[in-house]
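Okay, here's what each chain looks like letter by letter:
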Amino acid sequence: GAVVSQHPSWVICKSGTSVKIECRSLDFQATTMFWYRQFPKQSLMLMATSNEGSKATYEQGVEKDKFLINHASLTLSTLTVTSAHPEDSSFYICSAGRSGSPAEQYFGPGTRLTVT
Amino acid sequence: EDQVTQSPEALRLQEGESSSLNCSYTVSGLRGLFWYRQDPGKGPEFLFTLYSAGEEKEKERLKATLTKKESFLHITAPKPEDSATYLCAVLVSGSARQLTFGSGTQLTVLP
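These protein sequences, in sequence, are chains H and F.
The first sequence begins at 1 in the numbering used here and counts up one residue at a time.
The second sequence begins at 1001 in the numbering used here and counts up one residue at a time.
Just so you know, the hints here were simulated from the structure itself, not pulled from any lab data.
Incorrect hints may have been included.
Keeping only pairs whose Cα atoms sit at most 25 Å apart, straight-line, the calculated SDA-like set for lysine to any residue is [stated by the list, open to error]: (1) H:41 to F:1093; (2) F:1063 to F:1018; (3) F:1068 to H:91; (4) H:66 to H:82; (5) F:1063 to F:1016; (6) F:1042 to H:53; (7) F:1042 to H:54; (8) F:1079 to H:109; (9) F:1042 to H:59; (10) F:1042 to H:86; (11) H:41 to F:1015; (12) H:20 to F:1045; (13) H:41 to F:1056; (14) H:41 to F:1094.
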């Protein structure tokens, strides 16, 4: 149990285009999902907290107009990188916490974004 | 400010050579400490959750312990397949599930 999927696993896009990444909890409901980015050989940095049915909460320094987050259901959250630039190239990882479960988070396999 | 520090940054062991990874933390109030394993190009895999000082948990060759200031991940008789980056993270009081991660320890086990 507690499987989280992400799609796509990798994507290459041109500068100025937008990219959508999906995060799904496959076998449990998640009222809260989290989006992280990770640069090579660095740890995970929280970008935003996504709550089902409400607006996402962004960490300081993260542009909410650039990284659009939607959490439309208890099993799906999406991250859209708008007008992507090469500096947005990174490894994006989502996680989901079980509804009612104290704090344990389960991570997706990640999405490698490369902006050319 | 909440801080999580892991040491060493990298560790190379021979197969069968036991060792420990350290995660020290300075937080306003600890709700839980988590250990994850991350393989290259993949998301973190959940290993353990510890909630209070003195608590211990085991899984195969791994054992996690917790004190009021730090946590240790003990690896007994490691195998090459244990090679990965091990991350610890804390959940603090007043935080709505947001984890603060340490920078990780990259473990390499040589055959």
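Okay, the hints, checked on the actual structure:
no., hint, verdict
1, H:41 to F:1093, "violated, 29 Å"
2, F:1063 to F:1018, "holds, 11 Å"
3, F:1068 to H:91, "violated, 33 Å"
4, H:66 to H:82, "holds, 5 Å"
5, F:1063 to F:1016, "holds, 15 Å"
6, F:1042 to H:53, "violated, 28 Å"
7, F:1042 to H:54, "violated, 29 Å"
8, F:1079 to H:109, "holds, 23 Å"
9, F:1042 to H:59, "holds, 23 Å"
10, F:1042 to H:86, "holds, 21 Å"
11, H:41 to F:1015, "holds, 24 Å"
12, H:20 to F:1045, "holds, 24 Å"
13, H:41 to F:1056, "violated, 29 Å"
14, H:41 to F:1094, "violated, 29 Å"
Hint compliance for this structure: hints 1, 3, 6, 7, 13, 14 are not met, and every other hint is.
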